[in-house]
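Turn these sequences into a full structure, and let the hints guide you.
Which chain is which? The protein sequence lines are L and G, in order.
Okay, so the first sequence: first residue is 179 according to our numbering, each after it adds one.
Okay, so the second sequence: first residue is 16 according to our numbering, each after it adds one.
Source of the hints: derived by calculation from the structure; they are not laboratory data.
These numbers were taken from a predicted model, which means no experiment stands behind them.
For every residue, glycine included, the Cβ atom is placed at its ideal position computed from N, Cα and C.
Some clues are possibly wrong.
[Stated by the list, open to error] So the derived label-pair ranges between C-beta atoms look like this:
1. G/L165 x L/V419: 53 to 63 Å
2. G/A285 x L/S328: 38 to 48 Å
3. L/I406 x G/L250: 49 to 59 Å
4. L/K299 x G/L97: 35 to 45 Å
5. L/R183 x G/A285: 55 to 65 Å
6. G/V81 x L/E307: 44 to 54 Å
Single-letter residue listing:
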Amino acid sequence: MLEIRSLSKTFSMGSINEKLAVDEVDLTLEAGEFVTVIGGNGAGKSTLLNCIAGVYEPDKGSIVLDGMDITYWPEYKRSQYIGRVFQDPLKGTAFDMTIEENLAMAYAKGKPHGLQWGIRKADLALFREHLARLGLGLENRMKQKVGLLSGGQRQALTLLMATIVKPKLLLLDEHTAALDPSAARQVLYLTKELVEQHQLCTLMVTHNMKAALEYGTRTIMMHDGRIILDISGEERRKMTVDKLIELFGRRSGQELDNDRLLLG
Amino acid sequence: MSLLALQGSLELGIIYAIMALGVFISFRTLNMPDLTVDSSFTLGAAVSAMLCTMGHPFLALPAAMVAGWLAGNVTALLYTKLKIQPLLAGILVMLGLYSINLRVMANRANIPLLNQPTVFNSLQGTPVEAQTHWLLPLVLLLAVILLLYLFLQTRFGLVLRATGDNDQMVRAVGVNTNITILFGLGLANTLVALSGAMIAQYQSFADISMGVGMVIIGLASVIIGEVLFGTSSLLRRLLAVVLGAMLYRLVIAIALHLGMPPTDLKLVSAIIVTIALSSPVIKEGLMSRQKRSRSYAHKEVKDNAGNP
Ligand SMILES: Nc1ncnc2c1ncn2[C@@H]1O[C@H](COP(=O)(O)OP(=O)(O)OP(=O)(O)O)[C@@H](O)[C@H]1O
Ligand SMILES: [Mg+2]
Numbered sequence: 179m180l181e182i183r184s185l186s187k188t189f190s191m192g193s194i195n196e197k198l199a200v201d202e203v204d205l206t207l208e209a210g211e212f213v214t215v216i217g218g219n220g221a222g223k224s225t226l227l228n229c230i231a232g233v234y235e236p237d238k239g240s241i242v243l244d245g246m247d248i249t250y251w252p253e254y255k256r257s258q259y260i261g262r263v264f265q266d267p268l269k270g271t272a273f274d275m276t277i278e279e280n281l282a283m284a285y286a287k288g289k290p291h292g293l294q295w296g297i298r299k300a301d302l303a304l305f306r307e308h309l310a311r312l313g314l315g316l317e318n319r320m321k322q323k324v325g326l327l328s329g330g331q332r333q334a335l336t337l338l339m340a341t342i343v344k345p346k347l348l349l350l351d352e353h354t355a356a357l358d359p360s361a362a363r364q365v366l367y368l369t370k371e372l373v374e375q376h377q378l379c380t381l382m383v384t385h386n387m388k389a390a391l392e393y394g395t396r397t398i399m400m401h402d403g404r405i406i407l408d409i410s411g412e413e414r415r416k417m418t419v420d421k422l423i424e425l426f427g428r429r430s431g432q433e434l435d436n437d438r439l440l441l442g
Numbered sequence: 016m017s018l019l020a021l022q023g024s025l026e027l028g029i030i031y032a033i034m035a036l037g038v039f040i041s042f043r044t045l046n047m048p049d050l051t052v053d054s055s056f057t058l059g060a061a062v063s064a065m066l067c068t069m070g071h072p073f074l075a076l077p078a079a080m081v082a083g084w085l086a087g088n089v090t091a092l093l094y095t096k097l098k099i100q101p102l103l104a105g106i107l108v109m110l111g112l113y114s115i116n117l118r119v120m121a122n123r124a125n126i127p128l129l130n131q132p133t134v135f136n137s138l139q140g141t142p143v144e145a146q147t148h149w150l151l152p153l154v155l156l157l158a159v160i161l162l163l164y165l166f167l168q169t170r171f172g173l174v175l176r177a178t179g180d181n182d183q184m185v186r187a188v189g190v191n192t193n194i195t196i197l198f199g200l201g202l203a204n205t206l207v208a209l210s211g212a213m214i215a216q217y218q219s220f221a222d223i224s225m226g227v228g229m230v231i232i233g234l235a236s237v238i239i240g241e242v243l244f245g246t247s248s249l250l251r252r253l254l255a256v257v258l259g260a261m262l263y264r265l266v267i268a269i270a271l272h273l274g275m276p277p278t279d280l281k282l283v284s285a286i287i288v289t290i291a292l293s294s295p296v297i298k299e300g301l302m303s304r305q306k307r308s309r310s311y312a313h314k315e316v317k318d319n320a321g322n323p
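Listed below in structure tokens is the structure:
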């Protein structure tokens with residue numbers, strides 16, 4: 179479904195701050211594969227996801243999504259096929275607009291944006307049904323502005339917005355890192371539900387080592403812009419957090435260092 | 016203040032409200048400080064006045080709107096394509112338009128329309144003859160409000176509003192924010208130019224400097240409206256802008272009536288907007304001072320209680 183070939187991205191090329199953030203990364207995701215991504219601070223996880231999403235243009239390499247070479251497509255264009263949830267809960271929604279208006283915009287993804295009525299009656303019933311499934315009571319607050327929601331509620335809403343039109347690829351960049359533990363757990367659970375229900379091809383960056391092994395079907399570890407570990411199947415089922423940290427030390431020659439790291 | 020002066024300022028308020036709605040589009044829905052307004056207002060007035068002198072007062076209105084649309088588009092392109100900061104892009108277009116406005120006015124700084132046909136005197140002989148000076152602007156304003164209200168709820172209207180809130184999110188739902196900004200600034204300056212076109216015909220002249228400070232007046236109207244009438248729903252926001260614009264005119268009229276020299280008008284506008292813009296800071300400052308003095312009071316009580 180997703181094929182990344184020798185992808186590289188350097189920041190501030192040619193200056194003293196030059197930083198090779200993604201270094202010759204090769205990565206192939208099959209349809210329905212749910213990959214968790216871990217790694218230390220500055221390993222290049224966000225940069226990799228941002229290159230896939232089109233926020234940054236890579237220096238070289240190619241990104242092919244479902245047969246389309248999207249490497250140099252503008253961000254908005256590939257968003258038709260990619261759903262995203264950001265770390266910052268403020269980034270995924272328009273805070274001064276209502277829940278239903280936000281959902282309507284997400285639901286119009288890939289459709290023409292003209293003078294059609296923004297929210298149709300039939301859509302409202304659908305939105306209500308989807309919101310009810312989140313189990314947060316948002317279905318009764320559809321006319322309220324998103325600015326009134328908590329961080330966890332917003333991330334749940336953003337998750338729904340990212341998947342309400344089934345994307346070919348779902349990108350989650352530490353989307354629970356800004357939440358308190360119970361909200362984080364809830365959003366993580368919702369993620370799993372939505373991904374499994376729609377069989378979504380997913381890349382999820384997480385700082386939570388246990389979640390990285392518990393959720394998804396495959397785990398990759400990044401260091402210095404490279405993928406230094408890629409496990410799935412039996413090997414992954416047997417993996418523990420301790421062994422993972424030890425493996426990281428052996429492959430990178432460094433201690434795993436991430437200020438948001440959660441081991442348990 | 017005489018009833019006539021009061022009525023006059025309300026009529027002006029109605030026409031300026033159309034401009035304020037344009038400023039609302041750029042400042043609030045796009046969250047962009049668009050200074051094009053000062054010159055697109057004059058542009059609208061200039062186009063309108065010239066077409067009046069050629070005998071086409073009604074054609075003058077759509078022509079002014081097209082001119083305003085293009086001016087807004089240029090600012091948008093400077094920002095989205097050439098990556099010039101919005102504030103600077105607006106100033107550049109404002110500067111450039113000054114020369115263009117002079118050209119439109121055939122290199123005159125002033126075009127009087129005293130004995131020319133305008134939309135206001137061309138309905139002579141009809142039953143509304145005596146009412147045109149408030150009826151025409153009102154009909155136009157109501158049409159603008161209605162169309163904006165409907166438009167901002169369409170699919171494109173929704174993403175236009177979201178662009179100012181969170182442009183990243185708009186791109187994430189597959190919409191090109193360059194397009195929403197191009198359209199949004201076009202629309203904003205279309206309304207501004209329409210307002211300028213009406214003012215020129217209402218006052219029977221166009222002047223090269225009539226747009227100076229217009230963006231501040233628009234902003235004042237938007238903020239006064241928001242503070243006094245709230246922002247809870249879309250319709251309320253639009254009506255708040257209109258009421259804000261009329262109230263602003265009224266305040267100015269009263270100030271003039273009380274003896275303020277007309278040359279101080281711009282200073283007063285600047286002060287009003289400064290106060291309105293800083294109101295959140297002022298409010299917060301007052302509240303924290305209250306809190307502090309309250310906690311001092313607590314402390315004293317406690318200290319006293321500790322004393323034998
Ligand atoms: N916009 C940018 N401009 C310059 N350098 C950047 C930019 N974004 C990231 N970098 C640098 O690229 C490297 C990789 O950053 P990236 O954000 O991808 O790391 P990460 O794996 O997501 O880390 P974290 O766990 O802290 O989020 C870092 O050294 C970072 O300083
Ligand atoms: Mg990151």
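Comparing the hints with the structure gives:
no.	hint	in the structure
1	G/L165 x L/V419: 53 to 63 Å	holds (56 Å)
2	G/A285 x L/S328: 38 to 48 Å	holds (40 Å)
3	L/I406 x G/L250: 49 to 59 Å	holds (57 Å)
4	L/K299 x G/L97: 35 to 45 Å	holds (43 Å)
5	L/R183 x G/A285: 55 to 65 Å	holds (58 Å)
6	G/V81 x L/E307: 44 to 54 Å	holds (45 Å)
Hint violations for this structure: none, all hints satisfied.
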